[in-house]
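If you read the protein sequences in the order shown, they are chains A and B.
Each residue of the first sequence is one higher than the one before, starting from 1 at the first, in this note's numbering.
Each residue of the second sequence is one higher than the one before, starting from 1001 at the first, in this note's numbering.
Note that these hints are calculated values from the structure, not bench results.
Among the clues, some could well be false.
[As the list claims (entries may be wrong)] Partial selection, computed: residues in chain B whose CB lies under 10 Å from chain A:
#	residue
1	ARG1059
2	ASP1062
3	ASN1138
4	VAL1226
5	ASP1229
6	GLN1240
7	ARG1250
These figures come from a predicted structure and were not determined experimentally.
Ideal Cβ placement from N, Cα and C applies to all residues, glycine included.
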Amino acid sequence: MPISFMFQHHCRRNWSWALLPMGLLWFLLWFHMPASAAIDPKAAPADFVQAVGSNALEIVKQEQDTIRSGDLDAINAIVDVHVLPYVNLEKTTRLAAGRHWREATPAQREKLVDAFTGTLVRTYSSAFRRVDSRSRLEILPFRGDADAGDVVVRSLLHQSDAPPVAIDYRLEKTAGGWKIYDLNVEGIWLIQNYRNQFAQQISQNGIDGLIDALNQRKH
Amino acid sequence: MPEHSDRHARNPVPAWRLPAAVRLGLACIAAATATGCASTGSAPHTPDPLEDTNRAIYRFNDAVDKALIKPVTLAYTQLTPAPARNCIANMFNNLGDVFSAGNSFLQARPHDFFNTMGRVLFNTTMGLGGCFDVASRNGAYRIRNDFGITLGVWGLDTGPYLVLPILGPSTLRDGAALAGAFAGGFSPTSPLFAIRNIRVRNSVVGLYAIDARAGLLEADELVEDVALDPYSFVRDAWLQRRHADVERRRNNSGSLPDYGDDDLPDYGDDTPDSED
């Protein structure tokens, strides 16, 4: 984009209407990218994770400018299309809440899942910023029982200037195929790391207090 | 259990030979354990009987960090050019690798020991005294190891979680191991004391601390962004990470991370529709 155009855009608000059709076109093209269509949730767990992970990594590389700008709406849009269809965040939230999940009303559960999703997207959007053109995902040989309903796929995320990061994905088999519900980064399981914090918030301020606390982390 | 850990934890570091500061530290740890025995009621996955004390120290650390350490570190990262900073970090890492290798040796991990010593030799020569991490560029990444992990591999439990003043998250086991490492690092026979000029020597120690803090600037932002309660977040992450560090060595699965299936967290109360 020419600098003069950006300048005008910032100075004269009535220019912004011109961006809308462009953005819409871009969004449609991007939505129909063949890469995401190739992901088969019913494939072997390791292949599924490889497809989801590599696809997400490619998108993050392409959209690096958007991600570095910290535009949460744009990041959310990426996550909505390329990550959320393959994960079961309802289960993630349920396990993080533990026995307190049963005390929650359906409306509270829904709000809690939304609030926790927001927190997680923020977590990973800061991780996305470190992705560069040489980042790549290596899936390690699958050692579990692929027929089991609950499996772990191990991987290494290679970066250009740092040691590879060990990332494990925990998946469950559903009617619609595999869904990722827990993540381990360098020995730290995501759900386990939120269990105590959830329990603490709930015992102090109840489930609504936890939802508020999660939403308050938004900037 | 804490008594048991205490007895073993202090064996490798005979207190009578330690500098006063370290002896004081050990006394604190011992006192902390004594209190730990008296209190009960922590969650099964997070042995944190000293939570109140730990939180107080955590707040203290946070205040010191905000007022002093972080501003100094930010100034350091802004004033020094990135190549110089990387060089400094690499040189400290290169020295640290010697300790890592020693611990790999103590854990009977020859693969890690020889790889790490190979890194040290390569980086010290081809990498101009450790300034460039040429080993990593050739695919030989760091294999971090420390004496706390060694004690864990030898079968010692972590004991209660501790927040150390200034140094941050630790456990009884790791704190004792750190005291041992410090005693080694500051003993008259350590390479540090080959530096005769006291000002230069102190500057090196200060630089080491700032370099260590600079490596944590990003992690620190993450915690601010995503934690509901930073104290719990850091504690649970630290305990899980240390547990994984020890377990993957005990399961002896090479240097590839493998946390063994039996080691998966069991979220046992996942029964959304059952009664009670």
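Going down the list of hints, with the structure as the test:
{"no.": "1", "hint": "ARG1059", "result": "violated, 16 Å"}
{"no.": "2", "hint": "ASP1062", "result": "violated, 17 Å"}
{"no.": "3", "hint": "ASN1138", "result": "violated, 13 Å"}
{"no.": "4", "hint": "VAL1226", "result": "holds, 5 Å"}
{"no.": "5", "hint": "ASP1229", "result": "holds, 5 Å"}
{"no.": "6", "hint": "GLN1240", "result": "holds, 5 Å"}
{"no.": "7", "hint": "ARG1250", "result": "violated, 13 Å"}
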